[in-house]
Each structure stands twice: as C-alpha cells, then as structure tokens.
Amino acid sequence: MLVLVVDANRVFSTLLSKGGAFDVFLASKLLKRFEFIALEYLFQEIGMHFDELVERSKLSSEELTKVFRFVKEEIEFIPFEEFKEYAGEAEEIAPHVKDLQYFALALASECGIWSDDKAFKKQSRVKVYSTEELLKLLSKATP
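Going from the sequence shown to our numbering is simple: count from 1 and add 2.
Don't read these hints as lab results, they were simulated from the structure.
Heads up, a few of these hints could be off.
The list that follows gives simulated cross-link-like pairs (lysine-lysine, DSSO-like), each with its CA atoms no further than 27 Å apart [said to hold, decoys possible]:
no., residue 1, residue 2
1, Lys31, Lys120
2, Lys34, Lys74
3, Lys123, Lys86
4, Lys34, Lys123
Please construct the entire structure, taking both the sequences and the accompanying hints into account.
Okay, structure coming up:
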C-alpha cells in the first residue's frame, strides 16, 4: 500500500467539485491501494472555511457534509509533534515555507506527497504524485 501525505488543496478540490481528487479517495477506499495521512490541523482549517466551501462548491450543504465526513474517514491525522524533528531537512527541499510541514511529514513517514503543485516536483528527495498519476495507478489496479 502506498502511503501519501495529502496536500490540503487536494482535499479542498474534493470538497469543491467532487472531481478527480474525489475519485482518488473513492477508488482507493474500494481498492485499498493508498493510505492517506495529513497534518493534524488540516480539517480544523477546512472547518473554519466550511461556509465558504458551501458557497463555492457545486454541492448542496448536505452533500458537502457527506463528502467531508467520507474524506475525513480516509485520512489519518498526524500531530506536528510527531514529525517536527524533520522540519530542518524539509526546509531545504520545500518550495515554500507554507509547505514545510508536508515535506517534514513525508520525510518522517518515508512516503510520498499527493499534490498537483508543480513546484513540489522541483526536488528529488520526496516523490510527489499528481491526481492524474494516482488515477493512472488506480486504473492499473482495477481487474
């Protein structure tokens, strides 16, 4: 099973459009191909922006709540205390300061990152998978 740190933008994308990112979560649940981990504060941040997400999404409030619960169940949340010792190393490879924790968690967990941010791929220490790449991996796994 491939372990991946989930970039917050992939979760926001899932909640806003229920498109390709949602398909990755759904297919992974069915096929048991990926294990998702994320920064502990991710869903606190989403909770703070929930009303804005309802306004911007193509989903009803009820449907958005269901998708939110589904995605939350698919992700294991890791507190910063468990991977903070990798912050210095992550600072050397993270494209932006705001992305440092994603890279620190990936380094600590010895796993990849799921992100469509092209800047994430400008380093060679952590494997970064786009939504398209994960969908291709999932399509190869289907019988």
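Going down the list of hints, with the structure as the test:
1. In summary, the hint linking Lys31 to Lys120 is supported, as the alpha carbons are separated by about 26 Å, within the 27 Å threshold.
2. About 16 Å separates the Cα atoms of Lys34 and Lys74, which keeps this hinted pair within 27 Å; it holds.
3. A threshold of 27 Å between alpha carbons decides the hint, and for Lys123 with Lys86 the separation of about 22 Å falls inside it, so the pair holds.
4. Our distance criterion of 27 Å between C-alpha atoms is met by Lys34 and Lys123, whose separation comes to about 25 Å.
Hint check: no violations occur; every hint is consistent with the structure.
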